[in-house]
Each structure stands twice: as C-alpha cells, then as structure tokens.
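Student: For the record, the sequence lines run as chains L and V.
Positions in the first sequence are counted from 1; adding 9 to them yields the working numbering.
Positions in the second sequence are counted from 1; adding 1452 to them yields the working numbering.
No lab work stands behind these hints: they were computed from the structure.
Just a few of them, taken from the derived set where beta-carbon distance is under 8 angstroms, the chain V residues facing chain L:
no., residue
1, 1455
2, 1457
3, 1469
4, 1485
5, 1563
6, 1566
Far from chain L, some chain V residues (derived; all Cβ distances over 12 angstroms):
no., residue
7, 1524
8, 1720
9, 1746
10, 1809
11, 1872
Note that the Cβ used here is the ideal one computed from N, Cα and C, for glycine as well.
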Amino acid sequence: MERMGASFTDCMLYLLAALAVWILLRCARSLLGRRTVPEPLAALELSGKERRELLAQECLIGRSSSSDAVLDNPSVRRTHALLRRENGGTWVLRDLSGGETFVGNRKVEGEALLKNGDRIRFGSVSARLNTSVRAGKSGDKPRRTARGSATLLLLTLFEFCLLLQHIRAALPEHRPGILTAFAALAAAGWGLYFYARRNGAGSFEPETAALLLTAVGFSVAASSRPEAMLRHTALFLAGAAAYLLLGRWLREEERAMKLRAAAGGLALALLGITLLTGESVWGAKNWLSLAGNTLQPSEFAKIAYVCAGTVGLEGMLYTKQVLPFTVYSAAVVGTLALMGDFGTALVFFAAYLVIAAIRTGSAALISLSAASAGGAAALVLRLRPYVAARFLSLGRAWQDPLGAGYQQVRAMSALASGGLFGRGAGRGWLSGVVAADTDLVFGLVCEELGLITGVCCLMCLLLLAVYARRNIGTGRSGGYAVAAAGAVTMFMVQAGLNVFGSMDMIPFTGVTFPFVSRGGSSLIACWGLLAVVKAADVLRPENTGKPAAAANKAAKTSAPKKTAEKKPASAAGKTGSAKKKNFGSKTAEKTQEKKTPAAKTKTAAVKKPVQKPAGTKGAQR
Amino acid sequence: MKKIRLRSFVVLFPAILILFGLGALLARLWLHGGEWASYSANEHVYRGGILAGGTLTDRNGVVLFTARDGEYRYADEEAVRFASLHAVGDQRGMVGGTALGAFSDELIGYSFARGTDGRGGEIALSLDSRLQAGAWYALNGRRGAVVVLNYETGEILCMVSSPSYDPAVGERRDADGLYVNRCTNGLFIPGSIYKLVTLCCACRNIPDLKSRTFHCDGELTVNGKTVHCTGVHGDQTVEDALANSCNAAFAALSMELGGERIRDTARALGVEGTLSWGGGTTAPGRFDVAARRTAPEAWSGIGQYNDLVTPYAMARLCAAIANGGTVHEGVLRAGTVGKTHRLMDEKTAAYIGECMRYNVTHSYGTGNFPWLDIAAKTGTAEMNDGSTHAWFVGYLRSGAPLAFAVLLEKGGGGLAQAGPVANHVLQLANGYYAS
Chain L
10 MERMGASFTD CMLYLLAALA VWILLRCARS LLGRRTVPEP LAALELSGKE RRELLAQECL
70 IGRSSSSDAV LDNPSVRRTH ALLRRENGGT WVLRDLSGGE TFVGNRKVEG EALLKNGDRI
130 RFGSVSARLN TSVRAGKSGD KPRRTARGSA TLLLLTLFEF CLLLQHIRAA LPEHRPGILT
190 AFAALAAAGW GLYFYARRNG AGSFEPETAA LLLTAVGFSV AASSRPEAML RHTALFLAGA
250 AAYLLLGRWL REEERAMKLR AAAGGLALAL LGITLLTGES VWGAKNWLSL AGNTLQPSEF
310 AKIAYVCAGT VGLEGMLYTK QVLPFTVYSA AVVGTLALMG DFGTALVFFA AYLVIAAIRT
370 GSAALISLSA ASAGGAAALV LRLRPYVAAR FLSLGRAWQD PLGAGYQQVR AMSALASGGL
430 FGRGAGRGWL SGVVAADTDL VFGLVCEELG LITGVCCLMC LLLLAVYARR NIGTGRSGGY
490 AVAAAGAVTM FMVQAGLNVF GSMDMIPFTG VTFPFVSRGG SSLIACWGLL AVVKAADVLR
550 PENTGKPAAA ANKAAKTSAP KKTAEKKPAS AAGKTGSAKK KNFGSKTAEK TQEKKTPAAK
610 TKTAAVKKPV QKPAGTKGAQ R
Chain V
1453 MKKIRLRSFV VLFPAILILF GLGALLARLW LHGGEWASYS ANEHVYRGGI LAGGTLTDRN
1513 GVVLFTARDG EYRYADEEAV RFASLHAVGD QRGMVGGTAL GAFSDELIGY SFARGTDGRG
1573 GEIALSLDSR LQAGAWYALN GRRGAVVVLN YETGEILCMV SSPSYDPAVG ERRDADGLYV
1633 NRCTNGLFIP GSIYKLVTLC CACRNIPDLK SRTFHCDGEL TVNGKTVHCT GVHGDQTVED
1693 ALANSCNAAF AALSMELGGE RIRDTARALG VEGTLSWGGG TTAPGRFDVA ARRTAPEAWS
1753 GIGQYNDLVT PYAMARLCAA IANGGTVHEG VLRAGTVGKT HRLMDEKTAA YIGECMRYNV
1813 THSYGTGNFP WLDIAAKTGT AEMNDGSTHA WFVGYLRSGA PLAFAVLLEK GGGGLAQAGP
1873 VANHVLQLAN GYYAS
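Next comes chain L alone, as it looks inside the complex (with noise of 0.2 angstroms):
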C-alpha cells in the first residue's frame, strides 16, 4: 500500500513537471512564433506611387533611418516632425524642425490638427496625408484574438494535481480551506480568460504565465500556511481585480497619461509615509500596519513608478528629458535605501535604469547613474555594517550554516534533495524554515515539486520580458512600452535577487519571487504590474471598435465581401492611392468607406466619421 503510495506521488510530480514545461511551452511558441505586422493607420503619400505608411499611434518624421517614414531628401532634418495620433483618431502634426514644416501653405507653430488629404511640406518634400488607408501586405489576416482555452485547461490539470497532492498530504481540518482556494483559483482563471475573449484582447498567454505562477504560490502557501488558505485565496483575487480595474483604467491612454505626475507623487508619498511610520521586519522598516493587516506599501508603489515612468514618443527624443525622472526616482530609491529595504531599491533602481535606456537610448546617461548608484552603495556598506556583513558573507553560507548562512543552507539543501520532479507537495521540510514561502520560496519550490517546475516558474518572467519587448516592437503606443519594460524589468530582477540570494550566488537580499511568493502586498501589487504590461497590447487603434469576436467572423466572410468592397474603394481611391487593396473586416471601417466617397469633394468631412467609433470605444473594449 505504502509503495503504491509512492508510485502514486511519483507519477504526479512527473505529470507536474510536465505539464508545467508543456504550459510553458505553449505560451512561449504562441507567443514567439507570433508575426504581427501592423495595419497602417494612415499614409504620407508622395510625389509619383512612394508612400510611407504610418504604423503607429506616434511617427517619427526625418531623414534618419531610425525615422518611422523616412524621407531621404537634404531639405528634410533628420527628426524633422511627429505626428502623433490622438485618441479619436484625429492626427496632430508637431514640428520638431524650428519652423521647415507647413500645411498646406501655413508654416506649423508647435502643433497643428490635420484631416484627411492635407498637404504638408517638409522641407522641400511635399506629401498628402490619407487617413483611409486601410490595406497592408498582411491586410489579409485578421487580426488576432486570445486563444490559449487548451493551454488553460493544461493549468487547470496542473491545478488540479497540485490539489490531489496538498490534499493527501494535509491535515483533515485544513482539506477543505486547499480545495475551496484551488476551486476559486481555477475558476478565477476562466472567469479572466472569458472576459479576456469577450474584451478582444489580443492575448492570453501572458495571462496564463502569471496563472500558472500563482498556481505554483498557492502550492508554497498550501504547504506553508495551509490554515490560511482562504486568505490567500481572497488576496488572490483582490489581485485579480485589481488587474481588471487597472487594465480597464489603462485603457484610457491620454487620461493615464495626464495623472502620470500623480501616480509618481502617490508613489513617493506611499514610500514617504512607510518611512515615518512604517514598522521594521527584518532589519528593513517597509511594513504598515492597517486595521490590524500590514501591508507593504512599496510594493504598490511599483505601479505607480512604472507608470510616472512612461512618457510618448515625443518625450524620448532628447537625453535631457529623462532629467526629471532621474531626480524622482533618486529620490524614490533614496527612500527605500533609508528604509534599509536595499533589495526593492535595487528592483526600483533597475527599473529605472531600462525606463531610461528605452527613453533616451544614451549608453553615457546609463553608465553615469548605475556609477552614482554604485557610490551610493558602496556608500550604504561603510554606513551599514549589517549590510556590509551580508556581502562578506557571500559564497559562504557553508562556513557559517548555523549563522549568517543559516536561511541559504537550508534552501540549498532543500532544493538538491527535490531532484528534477521534486519529494511532492506539501511533502518538504523547508516550509518549516523562516521565510520559506517568501524569501526562500525557489527552495520550497524546487523541494516540493522540483527543478524542472522552478526553472519553469523563472521562465515564465524571462517569457513576460519577451513579450513585452515584442510589444514595443509592434506596439503602437510608446507610453505603455516604457510602463511595460519598467514592470517586467521589476519582476525579472525580483525573481533573480530571491532566486541567486537564498542560493548564496549574491547577497540574500529578501524580496519576494513575482506571484509565488506567499504575501497579499506583493501578489496584488504583480498583478496590478501585469495589467501595466497587458496595456501595451490592448492598446490598439481603430480596429478594435468593435468587438474582436465579431471583428473574427466578420474577417472569415470577407472573402467573397472583398470584391464588392473595392468599388467604394476605389471610388475612395481619388483621395487616396488608387492601387489599395481594400481590408474592409470592420464595421468602423465601413462607416467610413460609406462616407468617404460622399466626403470627396469635402474633405473637412472626413473628421466625423472617425469620430463615432472612438466614442463608442471604451464601452465596446
């Protein structure tokens, strides 16, 4: 009996590990294997058949080749305007060259508000801009929606697993509260896909990386707390709906964008109030005690610091604009040093250094703050000795297993007695050790259910960073790009600090492992993080007007549509290019072929028609 036991829990942890690699992989091929090739949203048509489309919310006008339309012409400056789309879809042209930009023959001071078929001089070069361009080489393709329902169901068996294990492990008493918390945690997965699906949000993989993450966390606070259970549960979902509310309020660009000076004061007020009156765990004072809960208000604090991070393409031009944010997040990490916090300064600090990088793209400006960093630091060790007896005691923790090494030998010894396919959940002894479910939680991990799932669990941050690089690739908005490489950029360094310090590879600096780690502050405040990195794929223009699910069906009829279409088309085609090919999937779309032809010899018209669909937008995404 007892050997068929344990055939039983090897056979698990084998379906585990497998599954987890399998979910992984999924997400990643998905993910990766991914070509989005942006529909233009207008066209600056030239002289003769050159055009250049314009694929983003924000275009960068100039000779340089690093221009989104590249106008190659001696007269033209090398970032010589931007043309910026607002959210009703009207284009603002913005002249960035002192004055060498006209419309029509009208030189533009600051900015101008452009409609349809204006002309506009750069320079010597003169092009028309046509906001009914709708055609692309990949015209054809629809555009993507979530799917993903097999890869969830794998989590849900992978929940499903864990389950079975946590309960023949736990004690009777705590069976229900584990079954009651992973009911709850797959169906809230569902419940997120659905939304997701009637949302038309492009994807879900980064969804079910963050799912299968805190599927991994409710095991560690299954073994960990298993008498808190529900709680962990509730804290879940408060994290849950804290990254609808936020990704719905996201939604909203230019809005977000005008309260980014708020969410930097929030933030440092948060940080602010923590270190006057905050209580110190653990050497760091970064805990508030709030009608009889603590909470971490650092961790909140992240989103708002992404969030004070982002800024438009306009904002990235020149190095210098970055000056203001480099003195604020000083000031933040500052705080977060003084509260002797010095591994979520590091997150916060990294953070900033990638927002910069991506805002100013200047190697110096990167250098200089990671040297002035590096003296502050060295700076904080002749000050803190306790700090500076955690770095001597690096690479040592087998020397001193009953002192300063005390919390790492265990994790260590823990994490090579799992093996590949781990000794079973709720089956290990670390969860027994101080801060085992936070601070040493990859120990727990690897302990329970193995290497294999850790490494995955690592993965599926490296996965999120992936993605959020891709979508400033093919994003179209530069403000949630910045937002989004800030908070992936906190997760991975979270993950790598909790990950290399309780394995003795860096100084054992106590932040959690994004998701996993048990801790209401930290679990809401990554979901809410995940929501900043959702947004720079929501985010998409037009298009979305409608529906994604209709948008679909509508794509899979328009075959036989697409040669009646072309007539209006072409019709259009005397404002515009003649030889477009026509993607006519989208009922904004179609109110606007419908008016077009009306509008030819009015241009001024054009206005209207783009207006109706961005006013039915927020309430249709």
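Based on these hints, arrange chain V on the given structure of chain L.
Tutor: Showing chain V alone in chain L's frame:
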C-alpha cells in the same frame, strides 16, 4: 516608434543575466548537490539528526554501518566498532574526515535527477574488518595509529586510531583527542623516520653521496651545541648510517643540504603541507627552516626540532618508494584507484628501497618479521618530557603490495614497540592478500 524599437532590447538584458545565473546555479548544483543534500538539517535524509538510510560495508561485505528509516547499527564485532570509528565515522558527526562524511551523498542515495528521499545506497569500503580488529588488538589499548594501504591502488586496508570508543554505545569518554583520527589528522614528531626525507633530499642534491663515508664519534657539535647519537658508529656509508640511524651522519647531511632544500623535498614528498585523501584532507605536516649552521638545522634533518608529520603521510611516502616513485592517493572505497602523483624518480625510489631493506637485514633482524619481505625504517621521536613516540614505517617488497605506518604515541622505542604491532597486522594482511 522605430527609434525605441532597437532600444527595447535593453529589457532582455536582465533576462540574459538571469539565464547566466541559472546556468551557474545548475552547474553548482551539479557539482555540489550531494554535499548540499547531505547537510544535517535536511529532514529527508536525517530523522531527528539520525541518518535515514544507507549502508557501509568493508571490502568483504561485512557491515560496518547501516541505517534504515531512522534506525541504525554498526559492525557486529566490538573490536571492529572500536577500530573503525575514525575511518567509518559516528553518525552523530563527532569525527571528521570519515567515510560517512565523504560518501554521505551516495549513502543517502542522492542523484542530480532524483534528489534524495533518504532511501540510501550501499558502499563497500576498502577497509578489511579483520585487519581493523587485528590492529586494534595489537595496539592493545595504547594510544597510536596504524595505516596499511595497497601501494598499487591506494586502497586503505587498515586505518585504526586509538583511543577510540564504541559508536554503538555512543559513550563519550573524555580522553585526549578521542575524536581525532590520528592516522590523518594527528601530527606527531617523526624522529628518525624523517631520515628517509633527508636521504631523498641528499640523493637529489649530492651526486657523490653513495661514495662518501660519514664519521660518527657518538656526537656532533654544532655551533657550541651537541647533537647526540645513539652510539659510536665510526666510519660508515650512507646505507650504514641509515641502518644505524646515525644522528651524527644525518645531522651533517642536513647541515650540508640546508633547511630550505629539505623543506622543498618534504613538500614534494607530501610530509609538509596538507594532503587530500579519500576521506578529506589531512592535518598539515610541518617543517620549519632553521637558521643556517645551527643546532636546530641539524635536528630538523633528523625529524626533531619543529618537524611534525601524520602517519598517513609517512605510509604514503613508503608507498611511493615501494611503487617506483609514484603514489596513488589513499582511497576508502573498494575497487577504486587513487589519483597518481610522482614523488621522486624511479632510481631514487629504488635506492631508498634498498636502503630500507638493508635496515631490516643488517639492523632490525629479519627474524622479527618471519615470512615477510619487508623494507622499513624505525623512529624513536624524542619529546621534551623525555618520552618518545615509537614509529615503524615501510612496505612489503613481495607478497601483498602493502605500505604501512605504525605509531605508538609516547610508546617507547620504534623497533621494540611499534615493530611488533606492524608485524602482527602485516602477518594477517600478507596472509589474506599475498598473491
């Protein structure tokens, strides 16, 4: 947007760092996972501080230690338990450098892929429990150490350190140095056995050594101080000087060679500094270079002054002499071959070997070692309190390929006291292993 597209790759920088870190972590786990898993706080492996599983046997399958589900037992024979404490270890971890420590990762059944759940494996040690018991009886309660190893492989057949205690009873007598394995971690004044080191150094540095004569008046005056000899030996060759264990001759040699050269030779032969053997590392042998042309310099070449060695290092030196100058580092596991090191060239090894055989035939008496083709050197190391350590080190030239070192702490004369112990153990060993 194109502008930031390139910059966006900076996001992948932390990811690359994490991948590197992960690689390093996996490499460390691959290399040290066994040590990590066998840490005593690991509850998969230790139940209440007791090893959960695993078995150690001697080379013939006699159980020396076995544990299962938190219950454990040692060898059945009491003498074997006492004799093997320091080589096998006490599962409470009181003794360092033991088989229990060295093989803990295998003993707990650790593997990189499977980790460990405490269900242990079985390991056959190179020890022979019959020799262990024989050496224990021969020591007969005296403090000391017996090391016997196979010089063709490095397998340690016998490693006994006294005083000892019965790990099955677990009593902790407060004897001095009870937990120290004297064979590898006890440092003792070598006395005359160190003349082997000086002789080796002389072979390297004095070309006409073999044609020289050394004169002994019973003492040698150096810088106003007297180095006493055991007798008045008159004119003698270097072979005779070694067989007579003539202090005057070797004091003269060590003054001629100088401390630095002897130290270099001692280092090369492994009697100075630490050695790593199959159970861990030894205590560091010591040789202090004394001022030129002083009595300490003279004494340092004859194993007095500040010289300290471990019995294991001396047995290893004899093994090298027996094995043509190369030595296999001592191993504790049956059927394995220790790492090879060359300590001296073949000619020197052959010459010193002949000298050591000459010692037996002309000085110690072959009748004391019946049926053994033995080559050896005695040592009677003098201490300040007038007592002496008895040493007997050497090897068998034919029969079983064994090298040995026997030490009796404050045990009297080398030949008189340590010789019979060596004879007793070697008679047994040669009987079992002569081919």
